[in-house]
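K.L.:
Chains as they are written, first to last, in my numbering: chain A, 1 to 603; chain B, 1001 to 1246.
Source of the hints: derived by calculation from the structure; they are not laboratory data. Possibly wrong hints are sitting among the right ones.
To be verified - Straight-line alpha carbon distances no greater than 20 Å define the calculated PhoX-like cross-link-like pairs of lysine-lysine that follow:
| id | chain 1 | residue 1 | chain 2 | residue 2 |
| --- | --- | --- | --- | --- |
| 1 | B | K1111 | B | K1194 |
| 2 | A | K151 | B | K1111 |
| 3 | A | K356 | B | K1142 |
| 4 | B | K1007 | B | K1111 |
| 5 | B | K1163 | B | K1111 |
| 6 | B | K1194 | B | K1142 |
What the hints assert, rightly or not - Under 8 Å between C-beta atoms, here's a sample of chain A residues computed to sit facing chain B:
| id | residue |
| --- | --- |
| 7 | V132 |
| 8 | E180 |
| 9 | V457 |
| 10 | H479 |
| 11 | N517 |
| 12 | G519 |
Claimed, not checked - To give an idea of the chain B side of the interface with chain A (calculated C-beta under 7 Å), a few residues:
| id | residue |
| --- | --- |
| 13 | D1026 |
| 14 | D1033 |
| 15 | S1044 |
| 16 | V1064 |
| 17 | V1100 |
| 18 | M1130 |
| 19 | E1145 |
| 20 | I1223 |
Where a beta carbon is used, it is the ideal one built from N, C-alpha and C, also for glycine.
Spelled out, the chains give:
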Amino acid sequence: MPEYETHDFDVVVVGAGGAGLRAAIEASARGARTALVCKSLLGKAHTVMAEGGIAAAMGNVYPEDNWQVHFRDTMRGGKMLNNWRMAQLHAQEAPERVYELERWGALFDRTKDGLILQRPFGGHRYDRLAHVGDRTGLEMIRTLQQHAVHKGIDVFMECAISRLLKDGDRISGALGYWRESGRLILFRAKAVVLATGGVGRAFAVTSNSWEYTGDGHALAYWAGADLIDMEFVQFHPTGMVWPPSVRGILVTEGVRGDGGTLRNSEGERFMFRYIPEYFRVETAEAEEEADRWYEDKVNNRRTPDLLPRDEVARAINSEVKAGRGSPHGGVYLDIATRRPAEYIRRRLPSMFHQFKQLADVDITTTQMEVGPTMHYIMGGVRVDPDTAAATVPGLFAAGECAGGMHGANRLGGNSLSDLLVFGLRAGAGAAEYTNGLSNAPAVNAAEAEAIARDMLVPFERKGDESPYALQHQLQETMHNLVGIIRTEGELQRALVDIRELKERAERTGVEGNRQYNPGWHLAMDLRAMLSISEAIALAAIERKESRGAHTRDDYPETSRDWGRFNIAVRIGANGEPTIAREPLPEMPSELRALVEQEVKIGA
Amino acid sequence: MPEVAMKVFRGDSSGGEFVDYTVDADEGQVVLDVIHTIQATQASDLAVRWNCKAGKCGSCSAEVNGLPKLMCMTRVNSFRPGEPITVAPIKTFPLIKDLVTDVSFNYGVAKEIPAFRPRPPEADGRYRMMQEDIERGQEFRKCIECFLCQNVCHVIRDHPDNKPRFYGPRFFVRLAELEMHPLDTEDRTELIRKAAGIGMCNITKCCTEVCPEDIHITDNAIIPLKERVADRFYDPFRWIFGKLRA
Ligand SMILES: Cc1cc2nc3c(=O)[nH]c(=O)nc-3n(C[C@H](O)[C@H](O)[C@H](O)COP(=O)(O)OP(=O)(O)OC[C@H]3O[C@@H](n4cnc5c(N)ncnc54)[C@H](O)[C@@H]3O)c2cc1C
Ligand code: SF4
Ligand code: SF4
Ligand code: FES
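Kindly produce the complete structure, drawing on both the sequences and the hints.
P.N.:
Structure, rendered in C-alpha cells:
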C-alpha cells in the first residue's frame, strides 16, 4: 500500500497565483485554518507574467468612467454570454481591490496628480488599466505574496494536487505529491478552493507556462462539478513568431494601447477593414480619428487596432491567409515609427528587452513580427457569482480556472481584476461554508489508497509511450484542429485523436525514481490536459454558431438562439463526458439597459 | 539543424557528474530549449525548474559555462560554435537533483522582514505619490527572485555558515524598497544592521553584475542602507527627520 503524509485544514487553496493568494488571505482572515498549495515555488505562478495591467473603473484619467461603463464593455466584449452577476460584481469591486493592493505596498505608475495611472486597452471605452510599466503581474503577485507571508497561512510549495476526495457528495480533501521527493500527501479539508489557472500547454503555440495543464478544471470535472463555456479559448492576437523557439511568447496589448499599430506586408493598417458591425459605432473609421483617440478619448472613437482580441486575431489570420503576412507567417506591429525611442523604452521595458535578447530586434527602430497565440481559456468551473461555490458542495473556484465571468471573450486587463474580486469571494465563500458545517466530512481511506496507487502506476509500467511525445501530439491536434477557425469535420477528428491519446496515455511508463522527476509529473499533468481538451472539443462541436472567440467556418453567423445558452460539460455515470445546454440567467432590466445603450461620442 | 554538445550536471545530494548530450538546436534557441530537448528525447527525468520561458519568473537560474544566468534568456548562439556548453546548478544553495536546488533559505529570510506598514490615507481615502518619488522603489520591485545575486555573493557562497547572519543582496533590495517606500512607517534600521548583517557586505558588486533585471543592487540599495544604518547610529534625530519628511 502506498504511503502518504496527512494534514488537516479547514480550507485548502490549490494555486498561488493572484486568485489563490487572495483567496488564502481572505479565508485565513476569516479564521479558517488555511493551506496554500502550489506546483511551483511561491511567486512564480503564471500571474507573474501578466504585463499590461488591471482593469478597474477608478476614473483617475477619465472621470467619465464608472462601473456601469466597465460592465457594459465587459458584457459586449464577451458577446453577452457572460454571467451578468459576475460581470457586475467584478466592475463594482475591482477599484477597491486595486486600492487594497496599494495599501499592501504595490507601487503603481502615477498620474500627474499622484493618483494611480490608467492605460487604454482593447475593448475598454476609457483608460482603465492600473499598471506598472509592462510588469503589472509581478507587482501584483509580489504584493500579495509579501502580504500573505505574515498571515499564518501554511504554504506547500512545489506540491501538486492530483485528485479531490469526497465524502458522499461533499468535498473531503485532496491527494497530491511533493515534486521534490515524490512523496504522496493527503489533505483532509472541509473545503477546497481551486485557483489553478488555464490549459495553454495543450496547444502548440501558447503564451502560457508549463503549469497550465488544466489541473483545476480537471480536478473539478472528475469530482463531478460542471464546467461551462469550454468552447471559448482566447487566442491573443500578438505573440512573437520568430525565431521558432520563442513562438507564442506574448507581446502585450499595451504596445497598441501606447500607440503601436498593426500593418500587413504592404504597410497597410489593415484593421480598418475589419471593423465588425457590432462595434462600428464605437470604432474609428479613419486613421486620423484613431490617432487622435490616444490623446482624447471623449471626442474620438477607439482605434480598430484595439478591437477585442477575437476580432484582431481573426483579422491577422485572414491577412496571413491572403498572402499579406510577414516572412515568418505573422503581421507587423509597428511602434517604432509612431513613438519616440525614449517613450518606448520607458513604457514597454520588458518588451524592449524581450525582443532585443530573444530575437535581435530593436523595437524602437524596427517593426515586430507578431501572430496569434493561445492565451487564455474563458471556460471553467461553473460557480455561484457571489460565493464562487462550484456545483459540488465544499468546492470553490476562482481566477482563470473558473468560468462565467468573461463569456465568449475576455477583455485584456479583466483577468487580474477577476483574480482579486473573485479570489476574495472564494476565500470568504469557503470560510463561511466551513463555519456552517455541522459535521466535518471524512476521508475514505480506501478511496485515497486507490488514487495513490493510480498515481504511482507509471513507475510500474515499462510502457513504450513517452509522456513528452504524447503531449507534443496533443499540442499539434489542438493547434491544428481546435484553433482559431473551426469546422465540424476537424473538431470530430480532434476528438478521435484525443481519445486515442487518452488510451495511449494509459500505457506511459517513466524512467528513474520519484525524486523530482519531470517525466512522471508530466504523465500526471497529461491526464488533466487530455480530459480538458476533450471537453473543449466537445463544447466546440456542440455550439453551432460563431461568437466571440469561437469561430465556426461552417456556421459563420452569430445566432440569437445560441445566445440564450451556456454549454456545460460534466462527467457521466460511467466516467464519460456529457454535454448540456444551460439557459443564461435572466439579466435585470436596468443592467440590460446599460448594455444596450448606444455610445455617445463627444460631450 | 546544427548540433550542440552539452555537458549537463546530473546528480543529487549524494553526488553527481557532468553527462554529455548531443542535441539538434533550432535557430534562435535558448539553453532552456536545449535542456527541454534532452528531457523529451534522452533523459525524461532530468530535473529543471522553469515557468515562463520569457525572463519574467526567475525560476530557471543556473551556471552556464560557469556564468550565473537565466537559462531561458541565454541564447545558444552566444557561445562559440563547436565548444560544449556546460550547465550546472547554482552553487550557493543545497542541491536537490540535477539543476534544481533547495532555495528555501530565501523564503525563510522573506518571512523575517517586518511587513509594509502604510501611513493613514488622505482625507478622501486615497494616497497621492509622485512618479519621481516611487521610481527608486519601482526599480527594486523589478526583482524576479531569481536568486542569482544570492548565488554569487561570496559572503554566503564561500562561507555557508554565514547564512544565519546574512540576508544577502536580494533582501537588501527588498529592505531598501521598504525603507524608501513613500508610505511606509516601519522602522527596520536595527534589523538591517544586525539580523540582516549588512556590515558583512564589502561592496564587491558581484551581485549587481549578474542581476538580469539590471537592478543597481550595490549603488542604489546597499550603499544607501549602509549610510542609513551609520547615520542612525551616530545621529538618530536626523534619521527620524528623514523618515518623516519622506
Ligand atoms: C504573458 C501573459 C500576460 C498577461 N497579461 C495580462 C494582463 O496584463 N492583464 C490581465 O488581466 N491578464 C493578463 N494575463 C492573464 C492572467 O495573467 C492570467 O489569466 C492570470 O494570471 C491567472 O491567474 P490565476 O490566479 O487564475 O492562476 P495562476 O497565476 O496561473 O496560478 C496558478 C497556480 O496554480 C498552481 N497549480 C496549478 N495546478 C496545480 C496543481 N495540480 N496542484 C497545485 N497547484 C497547482 C500553480 O502552481 C500556480 O500557483 C496574461 C497572461 C499571460 C500568459
Ligand atoms: S556587493 Fe555585497 S551583497 Fe553584493 S555580492 Fe558583494 S558582498 Fe555580496
Ligand atoms: S535582485 Fe536581481 S539578481 Fe537578485 S534576485 Fe532579484 S532579479 Fe535576481
Ligand atoms: S523560465 Fe521564467 S525566468 Fe526563465
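K.L.:
For the hint on S1044 of chain B, just tell me whether its beta-carbon gets within less than 7 Å of chain A.
P.N.:
With a minimum Cβ separation of about 3 Å from chain A (threshold 7 Å), the hint on S1044 of chain B holds.
K.L.:
For the hint on G519 of chain A, just tell me whether its beta-carbon gets within less than 8 Å of chain B.
P.N.:
holds (3 Å)
K.L.:
Does M1130 of chain B meet its interface restraint, that is, does its C-beta lie within less than 7 Å of any C-beta in chain A?
P.N.:
Result: holds, 5 Å to nearest chain A Cβ.
K.L.:
For the hint on V1100 of chain B, does the least C-beta distance to chain A fall short of 7 Å?
P.N.:
holds (6 Å)
K.L.:
With a cut-off of 7 Å, does the beta carbon of I1223 of chain B approach a beta carbon of chain A closely enough for the hint to hold?
P.N.:
Status violated, d = 21 Å.
K.L.:
Please check whether N517 of chain A passes as an interface residue: C-beta within 8 Å of a C-beta belonging to chain B.
P.N.:
At about 5 Å, which falls below the 8 Å cut-off, the nearest Cβ of chain B leaves the hint on N517 of chain A intact, so it holds.
K.L.:
Measure nothing beyond the straight line between the CA atoms of K356 of chain A and K1142 of chain B; if it is 20 Å or shorter, mark the hint as holding.
P.N.:
holds (18 Å)
K.L.:
Grab the minimum C-beta distance from D1033 of chain B to chain A and call the hint holds if it beats 7 Å, violated otherwise.
P.N.:
Interface hint status for D1033 of chain B: holds (5 Å vs cutoff 7 Å).
K.L.:
With 8 Å as the cut and Cβ atoms as the points, is V132 of chain A at the interface with chain B?
P.N.:
The hint holds - V132 of chain A has a Cβ within 8 Å of chain B, the shortest such distance being about 7 Å.
K.L.:
Would the hint linking K1007 of chain B and K1111 of chain B be met if the CA-CA limit is 20 Å?
P.N.:
Between K1007 of chain B and K1111 of chain B the Cα gap is close to 37 Å, so the pair fails against 20 Å, i.e. violated.
K.L.:
With 7 Å as the cut and Cβ atoms as the points, is D1026 of chain B at the interface with chain A?
P.N.:
holds (5 Å)
K.L.:
Can we keep the E180 of chain A interface hint, with Cβ of chain B closer than 8 Å?
P.N.:
Holds, because the Cβ-Cβ distance from E180 of chain A to chain B comes to roughly 6 Å (cut-off 8 Å).
The structure is inconsistent with the numbered hints 4, 6, 9, 10, 16 and 20, although it conforms to all the rest.
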